[in-house]
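Enquirer: Chain by chain, the residues:
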Amino acid sequence: MEEKITLLNRESFGEFVKNNDCLVAFFKSKCPNCKVLLKVMEKCKAGRPEIAMACISSEDEEAVARMLAIGRVPTVLVYKGGEEKTRKSGVMKPAELEDLYLRA
Amino acid sequence: MSEAYDLLIIGAGIAGMTAAIYAARSNLKTLVIEREICGGLANQTHTIENFPSHPGINGMELMELVKEQMLACGAELREIVDIEKFDITGEEKSITTDEGVFAARALILAMGRTPVHLPIEADWDDHIHYCSLCDGNFYAGKDIIVVGGGNSAFDESLYLEGLGVKSITIVEALERCPAAEMTIQRTLATGKVSIRTSTTLTDIRPQGSKAQICLVNARTGAKEVMQTDGMFVFIGQKPATSAFSGILGLDSHGYIETTPDMGTNIAGVYAAGDIVAKRYRQLTTAMSDGTIAALEAHRFLCR
Numbered sequence: 001m002e003e004k005i006t007l008l009n010r011e012s013f014g015e016f017v018k019n020n021d022c023l024v025a026f027f028k029s030k031c032p033n034c035k036v037l038l039k040v041m042e043k044c045k046a047g048r049p050e051i052a053m054a055c056i057s058s059e060d061e062e063a064v065a066r067m068l069a070i071g072r073v074p075t076v077l078v079y080k081g082g083e084e085k086t087r088k089s090g091v092m093k094p095a096e097l098e099d100l101y102l103r104a
Numbered sequence: 001m002s003e004a005y006d007l008l009i010i011g012a013g014i015a016g017m018t019a020a021i022y023a024a025r026s027n028l029k030t031l032v033i034e035r036e037i038c039g040g041l042a043n044q045t046h047t048i049e050n051f052p053s054h055p056g057i058n059g060m061e062l063m064e065l066v067k068e069q070m071l072a073c074g075a076e077l078r079e080i081v082d083i084e085k086f087d088i089t090g091e092e093k094s095i096t097t098d099e100g101v102f103a104a105r106a107l108i109l110a111m112g113r114t115p116v117h118l119p120i121e122a123d124w125d126d127h128i129h130y131c132s133l134c135d136g137n138f139y140a141g142k143d144i145i146v147v148g149g150g151n152s153a154f155d156e157s158l159y160l161e162g163l164g165v166k167s168i169t170i171v172e173a174l175e176r177c178p179a180a181e182m183t184i185q186r187t188l189a190t191g192k193v194s195i196r197t198s199t200t201l202t203d204i205r206p207q208g209s210k211a212q213i214c215l216v217n218a219r220t221g222a223k224e225v226m227q228t229d230g231m232f233v234f235i236g237q238k239p240a241t242s243a244f245s246g247i248l249g250l251d252s253h254g255y256i257e258t259t260p261d262m263g264t265n266i267a268g269v270y271a272a273g274d275i276v277a278k279r280y281r282q283l284t285t286a287m288s289d290g291t292i293a294a295l296e297a298h299r300f301l302c303r
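In order, the protein sequence lines correspond to chains A and B. If you count the first sequence from 1, position 8 lands on 8 in the UniProt record's numbering, and the numbers rise without skipping. If you count the second sequence from 1, position 139 lands on 139 in the UniProt record's numbering, and the numbers rise without skipping.
Derived by calculation from the structure, the hints in this document are not laboratory data. Built from N, CA and C at the ideal position, the CB exists for glycine as well. Warning: the hint list may mix true and false statements.
Claimed, not checked - Taking lysine-lysine pairs in the DSS-like style, the calculated list, with each CA pair at most 27 Å apart, reads:
1) B/K210 to A/K85
2) A/K88 to A/K39
3) B/K29 to A/K88
4) A/K30 to B/K278
5) B/K238 to A/K30
6) B/K238 to A/K39
7) B/K223 to A/K30
8) A/K18 to A/K80
Stated by the list, open to error - So these bits of chain B aren't anywhere near chain A, every CB distance computed over 10 Å:
9) M1
10) G39
11) S53
12) C73
13) D135
14) G162
15) L188
16) A189
17) K192
18) T197
19) P206
20) S252
21) R303
Make a model of the complete structure from these sequences and hints.
Expert: Here you go:
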């Protein structure tokens with residue numbers, strides 16, 4: 001069931017959100033809620049493989065997190081047409097994550 | 001059509017995973033179903049210092065080791081599962097989920113507890129946190145409030161102080177903090193922590209990224225207003241047993257009442273860990289519950 005979630009860094013982030021309508025999750029390595037959310041993304045991706053999904057470490061890529069004013073993790077941002085459409089923090093269920101993307 | 005197992009375990013905290021290790025080693029076909037990920041509340045603890053064999057270990061790291069051992073023993077695991085329905089009163093217990101229906105003759109309930117949220121409404125959600133591991137580093141150089149005076153509150157305060165938080169005010173409603181004295185003293189020794197006991201948080205007034213916090217001392221009636229950058233809440237947990245009201249014997253707080261052998265009022269249904277009505281809730285006591293529940297489930301299935 002596990003699906004690959006693309007791991008972004010400061011170089012690949014801009015290109016990815018410009019070229020894909022997508023979900024991007026900011027996470028920290030020792031954050032339990034982030035671990036849950038990344039697992040939720042995998043399950044969501046298994047059911048909706050056409051939705052591009054990625055994650056980026058707010059610790060390793062602090063400048064990106066600061067630029068986007070990420071104040072807590074996990075935070076999921078939805079990009080469409082290269083622009084941020086919405087964001088939501090905290091743990092979600094797979095259906096809620098899918099809904100966040102579809103409604104944006 | 002359901003998938004058949006010998007034993008279903010609901011919840012993959014330390015109690016559920018310990019039960020799964022014992023069950024799998026007893027050759028029971030065992031499935032562990034978890035609504036989030038393995039580890040339970042232990043995942044939220046930065047350093048666990050009372051686990052025999054580990055003088056100090058990160059909670060998530062310890063739980064990952066237990067998960068690996070459980071899987072190596074042959075137990076099956078499904079994480080991020082939505083449970084839609086429990087049918088547990090018959091000879092065959094069946095659990096309906098978003099991933100299908102699973103059935104077994106024996107069932108161990110080990111869903112643990114979930115954190116109690118602050119009973120105050122405030123349009124300041126982005127600054128109210130329940131996980132210092134997740135959000136603590138955003139408060140380096142800032143003033144924060146920690147609500148609650150138990151071991152979790154002090155352990156997490158120590159972790160937050162280590163991240164460079166400027167000041168921490170611990171607010172506890174009781175006359176004295178219930179945390180271990182050694183932990184309290186270690187926290188106070190940092191010089192960054194002050195404690196308000198007999199004190200209740202009555203209001204949060206957002207002011208941009210900061211907020212004014214209103215406190216009332218229950219003994220003196222004195223009111224205090226403090227400005228803070230953020231708040232971390234550790235005011236206890238509640239059992240996840242609402243689905244079993246009227247089915248299982250629960251105490252007045254919703255905890256499952258068990259026999260000394262972890263049995264419930266339904267044959268073949270056992271409970272283990274923090275979900276059980278008992279005085280002490282520690283990793284080690286949860287492991288004991290899980291062990292007994294699995295061995296009893298094995299005995300039940302062999303009858």
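Enquirer: Work down the list of hints and note, for each, if the structure agrees.
Expert: Quick rundown of the hints versus the structure:
no., hint, verdict
1, B/K210 to A/K85, "holds (26 Å)"
2, A/K88 to A/K39, "holds (16 Å)"
3, B/K29 to A/K88, "violated (39 Å)"
4, A/K30 to B/K278, "violated (31 Å)"
5, B/K238 to A/K30, "holds (24 Å)"
6, B/K238 to A/K39, "holds (24 Å)"
7, B/K223 to A/K30, "violated (38 Å)"
8, A/K18 to A/K80, "holds (8 Å)"
9, M1, "holds (19 Å)"
10, G39, "violated (7 Å)"
11, S53, "holds (21 Å)"
12, C73, "holds (21 Å)"
13, D135, "violated (5 Å)"
14, G162, "holds (13 Å)"
15, L188, "holds (26 Å)"
16, A189, "holds (25 Å)"
17, K192, "holds (22 Å)"
18, T197, "holds (29 Å)"
19, P206, "holds (14 Å)"
20, S252, "holds (29 Å)"
21, R303, "holds (36 Å)"
Hint check: violations occur at hints 3, 4, 7, 10 and 13; the rest are consistent with the structure.
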